[in-house]
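Given chain A's structure and the hints, the job is docking chain B onto it.
Heads up: the sequence lines are chains A and B, in that order. Just add 534 to wherever you are in the first sequence, counting from 1, and you've got our numbering. Just add 13 to wherever you are in the second sequence, counting from 1, and you've got our numbering.
Rather than coming from a laboratory, the hints here were simulated on the basis of the structure. Positions of the beta carbon are idealized from the N, C-alpha and C atoms, including for glycine.
Pairs of lysine to any residue residues, derived as SDA-like cross-links and limited to a Cα-Cα distance of at most 20 Å, are as follows:
no.	chain 1	residue 1	chain 2	residue 2
1	B	Lys-113	A	His-848
2	B	Lys-152	A	Cys-867
3	B	Lys-152	B	Leu-232
4	A	Lys-868	B	Gly-222
5	B	Lys-226	B	Arg-203
6	B	Lys-113	A	Pro-849
7	B	Lys-113	A	Asp-847
8	A	Lys-803	B	Ala-83
9	A	Lys-846	A	Leu-815
10	B	Lys-169	A	Ser-552
11	A	Lys-803	A	Val-769
12	B	Lys-169	A	Gln-856
13	A	Lys-803	A	Glu-776
14	A	Lys-846	B	Lys-169
15	B	Lys-113	B	Glu-160
16	B	Lys-152	B	Asn-198
17	B	Lys-152	A	Asp-889
18	B	Lys-113	A	Tyr-850
19	A	Lys-770	A	Arg-722
20	B	Lys-169	A	Arg-852
21	B	Lys-113	B	Pro-145
Where chain A lies over chain B, by a calculated footprint (3+ residues, C-beta under 8 Å):
no.	stretch
22	107-117
23	142-148
The chain contents come next:
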Amino acid sequence: MSGDSGTPLPVERRLAPSFLPSTAVLEMTYRCNRACLFCSCPWFAPGGGFDVRPEMTPDEWIALIRRLCGMGVNNLAFTGGEPLLKDGLADIVSAAAACTAEFIESENGALVTRRGPPRLYLLSNGRAMGPDVVDLCRRHRMNLSLSLPGLSTFAEHTAGGDPENVLRGFREAHAAGVTTTVGVTVTRRNLHELYETIGQALLAGADDLLMNRFLPGGRGLLHAADLSLDRAGLVKMLDTAEEVLRTANRRGTVGTELPKCLIEEGRYKSLVVGTRCSAALGFFVVDPSGYVRVCNHSPVRLDHVRELERVKDHPYWRRFTQKDYLPPRCGGCKDIGGCDGGCREAAHLVGGRPDAPDPLLA
Amino acid sequence: MSCFLALVAVAAIMLVVLQAGCKRQPPPGRPAPVVQTAPVREERPQPPVAKDSSGRLSRDEVRRALERLAESPPPSKLSIGADCYARIGPPATACYVCAKCGDRTLYARRPTGAEGPPEARGAGLGLLHELPEYRRQAKEVRNLDLELDESEFCGKCRPEVSDPQMVLVVRYPGTADPHRCRGVNQEDLRLIRAFLAGRLEYVNLFGEGSPLKERMPRLRELLGAGP
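Chain A extracted, bound-state conformation (with noise of 0.2 Å):
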């Protein structure tokens, strides 16, 4: 095997413990209480497309959960929804942390197996935050990532919140030991504070930031025209993160992957920018009802955990996992191998097809 230079690569290898990727992204209800403009949960969407069906019960979480870590899944991030309105949920984390999986890693150049409790994460919007959640996440050493969509705008795209809440939700979580992600979802509305809305996460505690561009999904179709970034807003969203990031001494990442094309190589230095799609390759969704999804943007449910099998030769699966969907105009451009052109489940959303342009290159 050689790359482009010629240089050969390694060929150590192993096959995985399953066609699974190893982060499990769990949305444990339907449920949540808040009714944020830019939420792309599919259940929101306009239409009723998505119909919400039974959820799982906590025992059949845990028994998925015990299931997973047995397939080479080893990170489990619980969503929603919002998770703390899950019932049950603090015994499906004790029982995913007395969970053991494998972490495959390369090592100077060799695979190496290592065997320990999974990875936790949790994602909630903060409103039902308490001293019971914070210590459930210092007890599992489980990340808690709190969404603050603004600060003066907080209310507006949350319809009602409080920022505050969720600024106390760091100082409490930080003073416990626990380490926190603040999730930014940036639109057209809250980009003008999103300075003080990343430096006030940051003061409060945050360890890092994980900032996504509005998406299209969801109940965010309805409101698709008013929060979209265009590209002007996009480059500002960026540069702006960057310069409290560089600020602050921290680090962030863009998650959702953005266009190779729209992105100034080398101008990010506290940054980093996704233009990979990691859906059903580093991630999958298991919906409240036990439904695989490739990625939580994604309205396409494929098989029931129950006939979990099934997944791996589901055309939706499988056009993910063998990138066959890359937008025809991406065709022979040089950065191809570092970039998908964008989301592209936002570009299935808006343009019909996931290999439709990414809603900024539309």
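Frame of chain A; chain B shown alone:
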């Protein structure tokens, strides 16, 4: 006066007793108990306070507070985002998902600083990440029965392979055995497409052109049409 001194003495004795109670010593012969303490967190500057009546900080106030924050060390252990969100830090392995069987083969990454260009240090990342483009280019060849065989990258389909490479398979009408060429890269596919399109010039991935006839030896290898 003596009453005052007596009070001071009693207070002093009580203080000593209370302190002793707080630092209770283990009985002789027993080890001191291990005390679980909360993890030590790095010191942070005090939260800034807004000067105006709205209670909201100005950008300058936030900036000054962040500059103070910058003086504290960044968190040593950064989290990993999940969701539709990329990880902080490179993935632990490179992964190939087989186009035929759907199983995943993990490849070790070379350590940072190892010799070779970045794409080679990524243990196949340079090639594995470009597979969709390989496939797209192969699909666009319409006037030749040509396909790519990726099976060597799959540890399940081809467990015996120790040096996996991309294989080009060309079938000619009336010929029983297809021509196979191992070690094909993206430039090779561009070369073939330029040749089959009847061009005289070949333009590489970086837009540099050169006469196609200078690449004839490689074309013959690729297409099995040598003398």
